[in-house]
Each structure stands twice: as C-alpha cells, then as structure tokens.
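**Q** Got chain A sorted already, so can you dock chain B onto it with the hints?
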Amino acid sequence: MSDDLHTDPAGGHGHDEIEPVRTGELETRFRDPGLPAHIYRRSDIDPRAAKRREREVAALFGLSTLGTLLFIVAFFVIKPTDASGSEMLSRVGLSTKLLGLGLGLALFCIGAGAIHWAKTLMPDDEIVAVRKPMRSSDEDRAGAIEAMKEGAAGAGLGRRKLIRNSLVGALAPLGLLAIIPLRDLGPLPGDSLEHTAWKAGKRLMSDPAGHPIKPEDMEIGGVVHVLPEGIENSEHPLNDEAKATAIVIRLAPEDLDNQRPDRKGWDVSGIVCYSKVCTHVGCPVGLYEQQTHHLLCPCHQSTFDVTRNCEVIFGPAHRPLPQLKLTTDSDGYLVAAQDFQEPVGPSFWERGN
Amino acid sequence: MPDLEKSAGKIANDIDERFGSANFVRRSARKVFPDHWSFMLGEIALYSFIILLLTGTFLALWFKPSQGQVVYDGSYVPLHGLRMSEAYASTLHISFDVRGGLIIRQIHHWAALIFVAAMIVHSARVFFTGAFRKPRETNWLIGVGLISLSIIEGLLGYSLPDDLLSGTGFRIAEGVLLSIPVVGTYLSFFLFGGQFPGEDLIPRIYTIHVLLLPGIFLALITVHVMLVWYQKHTQYPGEGRTEKNSVGYPFFPVYTAKAGGFFFITFGVTTLLSAFATINPIWLFGPYTPTQVSAGSQPDFYMGFLEGVLRMFPNWEIHAFGDTLSLNVLVPTLLIPGLLFTAMAIYPMLEAWVTGDHREHHILDRPRNAPTRTGIGVMAIVTWLILLAAGANDILAITFHLSINSITWFFRFAVFTIPPLSYLVTKRICLGLQRRDRDLVLHGRETGRIVRLAHGEMIEVHEPISEAERFVLTQHESPRPLELEPAADANGIPRRHILASKIRARMSRFYFEDTVAPPTPAEVHELESHH
Numbered sequence: 000m001s002d003d004l005h006t007d008p009a010g011g012h013g014h015d016e017i018e019p020v021r022t023g024e025l026e027t028r029f030r031d032p033g034l035p036a037h038i039y040r041r042s043d044i045d046p047r048a049a050k051r052r053e054r055e056v057a058a059l060f061g062l063s064t065l066g067t068l069l070f071i072v073a074f075f076v077i078k079p080t081d082a083s084g085s086e087m088l089s090r091v092g093l094s095t096k097l098l099g100l101g102l103g104l105a106l107f108c109i110g111a112g113a114i115h116w117a118k119t120l121m122p123d124d125e126i127v128a129v130r131k132p133m134r135s136s137d138e139d140r141a142g143a144i145e146a147m148k149e150g151a152a153g154a155g156l157g158r159r160k161l162i163r164n165s166l167v168g169a170l171a172p173l174g175l176l177a178i179i180p181l182r183d184l185g186p187l188p189g190d191s192l193e194h195t196a197w198k199a200g201k202r203l204m205s206d207p208a209g210h211p212i213k214p215e216d217m218e219i220g221g222v223v224h225v226l227p228e229g230i231e232n233s234e235h236p237l238n239d240e241a242k243a244t245a246i247v248i249r250l251a252p253e254d255l256d257n258q259r260p261d262r263k264g265w266d267v268s269g270i271v272c273y274s275k276v277c278t279h280v281g282c283p284v285g286l287y288e289q290q291t292h293h294l295l296c297p298c299h300q301s302t303f304d305v306t307r308n309c310e311v312i313f314g315p316a317h318r319p320l321p322q323l324k325l326t327t328d329s330d331g332y333l334v335a336a337q338d339f340q341e342p343v344g345p346s347f348w349e350r351g352n
Numbered sequence: 000m001p002d003l004e005k006s007a008g009k010i011a012n013d014i015d016e017r018f019g020s021a022n023f024v025r026r027s028a029r030k031v032f033p034d035h036w037s038f039m040l041g042e043i044a045l046y047s048f049i050i051l052l053l054t055g056t057f058l059a060l061w062f063k064p065s066q067g068q069v070v071y072d073g074s075y076v077p078l079h080g081l082r083m084s085e086a087y088a089s090t091l092h093i094s095f096d097v098r099g100g101l102i103i104r105q106i107h108h109w110a111a112l113i114f115v116a117a118m119i120v121h122s123a124r125v126f127f128t129g130a131f132r133k134p135r136e137t138n139w140l141i142g143v144g145l146i147s148l149s150i151i152e153g154l155l156g157y158s159l160p161d162d163l164l165s166g167t168g169f170r171i172a173e174g175v176l177l178s179i180p181v182v183g184t185y186l187s188f189f190l191f192g193g194q195f196p197g198e199d200l201i202p203r204i205y206t207i208h209v210l211l212l213p214g215i216f217l218a219l220i221t222v223h224v225m226l227v228w229y230q231k232h233t234q235y236p237g238e239g240r241t242e243k244n245s246v247g248y249p250f251f252p253v254y255t256a257k258a259g260g261f262f263f264i265t266f267g268v269t270t271l272l273s274a275f276a277t278i279n280p281i282w283l284f285g286p287y288t289p290t291q292v293s294a295g296s297q298p299d300f301y302m303g304f305l306e307g308v309l310r311m312f313p314n315w316e317i318h319a320f321g322d323t324l325s326l327n328v329l330v331p332t333l334l335i336p337g338l339l340f341t342a343m344a345i346y347p348m349l350e351a352w353v354t355g356d357h358r359e360h361h362i363l364d365r366p367r368n369a370p371t372r373t374g375i376g377v378m379a380i381v382t383w384l385i386l387l388a389a390g391a392n393d394i395l396a397i398t399f400h401l402s403i404n405s406i407t408w409f410f411r412f413a414v415f416t417i418p419p420l421s422y423l424v425t426k427r428i429c430l431g432l433q434r435r436d437r438d439l440v441l442h443g444r445e446t447g448r449i450v451r452l453a454h455g456e457m458i459e460v461h462e463p464i465s466e467a468e469r470f471v472l473t474q475h476e477s478p479r480p481l482e483l484e485p486a487a488d489a490n491g492i493p494r495r496h497i498l499a500s501k502i503r504a505r506m507s508r509f510y511f512e513d514t515v516a517p518p519t520p521a522e523v524h525e526l527e528s529h530h
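Order-wise, the sequence lines are chains A and B.
Going by numbering that gives the first Met the number 0, the first sequence wraps up at 352, each residue one higher than the last.
Going by numbering that gives the first Met the number 0, the second sequence wraps up at 530, each residue one higher than the last.
Just chain A, same shape as in the assembly (with noise of 0.2 Å):
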C-alpha cells in the first residue's frame, strides 16, 4: 500500500496539481480553473444548525434501536407453530412483516442516521491525494531483475537441467490426482438411458391416483398420465420415474389417418400413449391441446404433433416424443406391448439415430 498522501494545506485548493502550461498549449486546451471555493453549509456556520442535525442523527439512532426492539417483541409474542392450517399461515404470515420491518428499521437507521451525520456534520473539504503512476522506478525495476538474476543463479535452475526437468515432469501429473479419485462420483451409464420400466404385459397406471386404466373408460379426446405398474417399488423409484414418465391420450379414428405406416397397431382403439419426457432437454412434455392434438412442453415450447407420431411442428426439439406400443391384458386393462424402441429424453454423443 504505497500511500503518498498530501493533503492541500491551503483548504483544498489544486492549483498546484494542475499540469505546468507550456506555450502555445492554451490555444488548443482550455485551463483547468481547480477546485470551486468552498461552499460552507449551514450547519457549519449555525451551531443551532448544527445542534438540530446532530438531534436528527440522534433520532434516526434511536428508530434503530426501537427497530430492534419490534423484533424481540415480536419474535417472542408470535408463535405461529402454536396454531394450525390457515390460523398458522397467517401467523407465519404477520410473523414475517413485523420481524422483517423491525430488522429493516434497526438497519436502515443506524445507515440513514452515520450518512446524515457524515453529510451534515463531518467536515465536506475535498483533499486532494497525488497519484503516482503504477509503475515502478527505473532503479526499482533494475533492483527487481538482479534479485531474481541472483537468485535463479543460486537456484541453478538454467545449469542443473536435471533438477528443472525431473520437477516438471513431477508436478506435471500431480493434477491427475485430483482428477482420478473423482472417477467413483457416479457408474458409467453403460446402456441405462436406453431402457425404461416398461417391459411388455407391464400395466399402464394413471400417475398420480395409480389406477389401472381400460379402453373403455376413456373418451375420445381423454388424456392420461401414466406410470408403468409397480415403479414405486423400484430401488430408486424417481429415477425410473424420470425416464418411464408417458402420456395417453386417445384420438378419434380420423385423427389417425395421418400416423406412420410402421407404427400401424400401436393403439388400442385409438388410444396412443408417448413418452412425456421432452427430446430437448428433458421438461415433462404436459401440455395437450384437445381442439389441435399438440402437445406443448410449458418448458422451451416444442411442440409435437400427436396425430403425426409426435412429429416436432415448432420449437427447439430435433426429435419425435418415442412411442409406446400398446395392447391390451386379459382383464381388459391397457399395457404396454414392449419398452420404448428408442431412448427417451434429451439427446446425448452415445445415441444413435
């Protein structure tokens, strides 16, 4: 901290700081005119002045402390866990105001009242400080080179190229033992992301009542969402969850016309089910528009055609949402007839087409 302070003796006036002017140079600069004359504020001039802002600071100082006790008062007078439903949240509620206020006013006052104070009653003369430039002397920077000339000379560092080599080539891969044992923070995804839950015969279960679901009991235009049968029994039930998340929705028979000739078979009278897991970046595709058949992620709005296989119609999705194929158990209930033949969600390196 090279500090190089000269105040200004004569009251702030800079004359001195102000660049010698040399010939010919006031025709094309106007003059610095250096610092105003102070300006003394009425406070400096009036003790009565100055005794009314010192009560100012003194009353802003004092709504601090006021500030503070609201807060003790009010953190031991509401006691929101002592009541229940709405009564609580209100408490929680009246709780949070009196608390937040009181705490604002004890710090916002102990603020507003130390810059009043130093506003109105601390002296307002300017000063002025030199300002050297950052850079060192010559003799500094000479001085600098022949310490470190003379200390890589004691170093050897230049001569001994065993020594400089053998070290670089130890710290080198030190950095490799910060990295390796980050190797067990998670498994390999081998081929995870491409299976889901759903296996064939696997019930469609709506998500969240859990209820299996029959043909029947949907009407044209009916959307459902749906859980393979069982998952919250899996060993890690959100991650599975994650990826077998699907939608069903069953369309009129003119609304199939258009679907894809490979995927013929797939419905069970009209009801199609999809993956709701976004081909983005993996937002729950939730959104159905019953009048056009889209289904909208609320996320980065792509939007699929559900009449068209689940074709991209806008958005920033590359891919169809996969489908699911369906058929029906011999209770009549709506299952899955295989896994998804692609993986679901997001694209990554490994996925093939």
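One or more hints might be untrue.
Stated by the list, open to error - Under the rule of at most 16 Å between Cα atoms (straight-line distance), these lysine to aspartate or glutamate pairs were calculated in the EDC-like manner: (1) A:LYS78 to B:ASP364; (2) B:LYS501 to B:GLU482; (3) A:LYS131 to B:GLU242; (4) B:LYS133 to B:GLU482; (5) A:LYS131 to B:GLU359; (6) A:LYS324 to A:GLU349; (7) A:LYS118 to B:ASP34; (8) B:LYS133 to B:GLU350; (9) B:LYS133 to B:ASP364.
FYI, nobody ran anything at the bench for these hints, they're computed from the structure.
Given the structure is predicted, the values throughout are model-derived calculations rather than measurements.
**A** Chain B only, in chain A's frame:
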C-alpha cells in the same frame, strides 16, 4: 476522558509494537475517495455478498442437504402425507417452524438477486465510463469472473430446496450436460451419481454452494477491493481533477461513515423488501418429481438470457457415425454464453489494441465522448434484454394474447437486427450530444431573452457557461484513427504483420472516424473577434 484516552493509547501501543500498524493507519486514515452516486453500485454488490454470507449461515443451521425421502407431517397441512426429499421438508421447516426463518430465507433470495443485478449495473458503469482501461484491466477480468460464477452460484442456490420449479432447472442442466460431445453422458453420470435425478445431487451442490464458490467469491472480491484501494479510485472529470491526483473525502471519518452507513441501508432495504414481497414460495410449487412441471416456469432473472437463447435457437441436431450432436442445446447454452463472456472479458485488451492507447487512465470518460464504445455497450445490453424477453415468450404470449410461434420468430429476427440498430442510434445520439457540448462552449446557453438591437435586429441573448462547466465539456481527448503503417519501414525492409496492421487501421477508423473534436480556446477567440 483522559483515562479512556490512556487505555486506548495502551491498546494502540500494544498493537503497534506487534504489527507496526501506525504506519498503515497514518497513511490510510486520510486516504482520498472520490465521490459519485455511480460508485455506490459496486458497494451494493459487495454488501449484498456480506448479507448472503450472514443469512446463508443462518439457513445452514436448519437446512438438511439430503435427497433421502420422507413423508411430510410438519406444520404446513396442504402437503401432509406427501413423499418429498429431506431438503424440501427442511426448507418447509425453515419457512414455517423456525421463527424468523421465512424472513431470513426471503432476505437471502432477494439479496442474491440484488447481488447479481448490482454487479451487472456496476459493470455497465465501469464499461461506459472507460474505468476498465489501464491499469484496471485485471479488476475488469475479476468482475467478469464474479458475474459468471454468480450465475452458477444462483442456480445452485435456488435448486437446493428441491421443489418442483428448481428440480426442473436441474433437469434442464442434465440435458445441457448430455449435449456435450463425447464426454457429456459421463459428466452427467458423475454429477448426479448415476441417472437423473439420483440421490447425490443436493448434497454435492450444497457443498459447492456454501463452501467452494463462496470461498472463490471471497478471494476474488478481496483482491478486487484491494486493487481499488491500491490503484486508487477513478474520478469523473471536473475542476481540479487531473490524471495525477485524486480528489474527494478522507477514508476516516467521512467514507467510514458513508460506506459503513450504506451497508446498513442496503441490508435494511433488502430486509424491508423481504418483509413485504414474497419470493420463491416453494410450498406452493410442491416437492420435485420428474413427472410434473408447472406451466409458466421461469428461472431467476439472471438465468433468463440463457433460457432465451435456448428457446429461440433452431432445432438443429446432427446424427453421424452412430453419434448424436445436439446443436440445439450445445450452442445456445454453452457455446454462445461462452463467446459472450469471452468477448466481455477481452474487451479492454481489444480496445487498447485498436486505439493504440497504452497510457494509464484515472479520469473517467463521459460516455458521449466515446461514441463507439458506448454504442457497443448499448448493443450488448439490448441483446441481453432481447434474450431475456425471449426467455419469457410464454408469459408474453399469455399476457398479450399473442401466438407463441410468432413471438419466437420475432425474437429470432430481432436478435440480429435490433442490436446493430441500437448501436447506430446510440452512436448518433452520442455524436449529437458532443455537438451540443461544442455549441454550449462556443455560443453559450440560450437564455430565452430576446433583445432588439439599435438597428432593429432581434437576437436571443446567449449566456456564456461557467469556466468550470467549459472545462468539463472540453477536457477530453479526441483521437483520430491510426494511420495504416507503410508496408516497408524507413530502410525499405518489409514490415511483418501487414494483415494485423490493416485490420487494426480499419477498426481504428471504425472507432474514431466521426469523432467530434472539443472546441479550443482559439476557436472561441476567433468567434468572439468576429462579433
């Protein structure tokens, strides 16, 4: 009183005999700090960081960073019986069962928003006034680092409660990681400890959020403030202010009181805001489940520009050799932000290269006197605002009953057309203001007083501006474009780096070809002698 002074003297003596502190105090107590309201923007950021440390420590006393599943039976009845993570349950506990917990949570969240916002506005102030120039390039770089890290820190922070909104944020983060070529899938599995969402994420990001990143912030902020102290603060042009001095109030007592007071004001205002404006009511969102999302999901504002690029980018994806490259995710979330932040970081070096100006600068530019720089800055801000708006295209569509498709297409065109337009308009405005300054110096201020001269001519009386004002309006330099260096030097030896020199001359023309020079005393003298 003498007793008090004596014991204070004893303490000071004890300290000085151990640390030699008198030398430092003597030099620092009267250190000069220039005064201006715009210098307080960085202070707001600094104080918000301190508020974040204090409130964050308080929250950490109760928060349980765990994705272990529990069935909720706490005070908030509507969620009774729901399965949720311990992280979410403990956030509910902080909000409802810990007295003062909710206000501290709200202060923490508001202070985070104010922290990022203050840094952004502070960096704009530094940019437009040229405060990033030599010798302060390092502090600019630290600032860019702080802003970019704060975006990550904010994302981690609002993800910790593990509510439906924040979980969706990390679902998107997973998609972003997966889009990285070759290693993306591995990175995702290493971050989440396996498949999404897993059970490792919350404890991991908790450590990063409360230890690693705050430690880095603390180190960077310390260096940032120490450099301001060591290199001394810049000052605006004015009477008595030169490149070789620093004019203002002493650190003790005036700045101690003002800056210390301003910390309390910042804390107080943030607290009052948190008392009356609810933020992030996670109990309304419900616990995270990967099967659900609420419509109209919006991240905190500082994520908005990323959301905007992600929403408007075309759905390009390349499939080749059995691999998949999702440009629709990789480019908008990683490449474009990377480019934007790199451009911001290297700007001071770029400007110094183009202008050939390698001198120290301590007097700030008035933005109008650097029209090209000001234009570039406005262009950057306008781009950012367009991306921010594009990130809210669903909200815009609902609010104004517009088609989301047309809004998205509008933004796709707007992001390429409006920023250059804003550059041109800003530059014209700056040049206009420079001409007005010239006019003020040469002809004085219009008084609105019409006088009829003896021979019948009517004139409006112009009043000369003060000497001080004239100095402010004329103190700046008016650089001319760098000339293209000749292809061979004086000895006829061909110069190297001809291409670089050509680019530089062209960019220098771009910067300076239409600057308006400030009037000189000679010009005023000439005008006066003609009257």
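**Q** So, for every hint listed, does it hold in this structure?
**A** Comparing the hints with the structure gives:
A C-alpha spacing of about 56 Å is found between LYS78 of chain A and ASP364 of chain B, which places the hinted pair above 16 Å, so the restraint is violated. Between LYS501 of chain B and GLU482 of chain B the CA atoms are separated by roughly 9 Å; this keeps the pair inside 16 Å, and the hint holds. Using a Cα cut-off of 16 Å, the hinted pair LYS131 of chain A and GLU242 of chain B holds, with the two alpha carbons roughly 9 Å apart. The straight-line distance between the Cα atoms of LYS133 of chain B and GLU482 of chain B is roughly 23 Å, outside the 16 Å bound, and the hint therefore fails.
For a cut-off of 16 Å, the pair hint linking LYS131 of chain A to GLU359 of chain B stands: about 10 Å separates their Cα positions. The straight-line distance between the Cα atoms of LYS324 of chain A and GLU349 of chain A is roughly 24 Å, outside the 16 Å bound, and the hint therefore fails. For the hint linking LYS118 of chain A to ASP34 of chain B, the alpha-carbon distance of about 12 Å falls within 16 Å, and the restraint holds. For a cut-off of 16 Å, the pair hint linking LYS133 of chain B to GLU350 of chain B stands: about 11 Å separates their Cα positions.
The suggested pairing of LYS133 of chain B with ASP364 of chain B holds, with an alpha-carbon distance near 13 Å, which does not exceed 16 Å.
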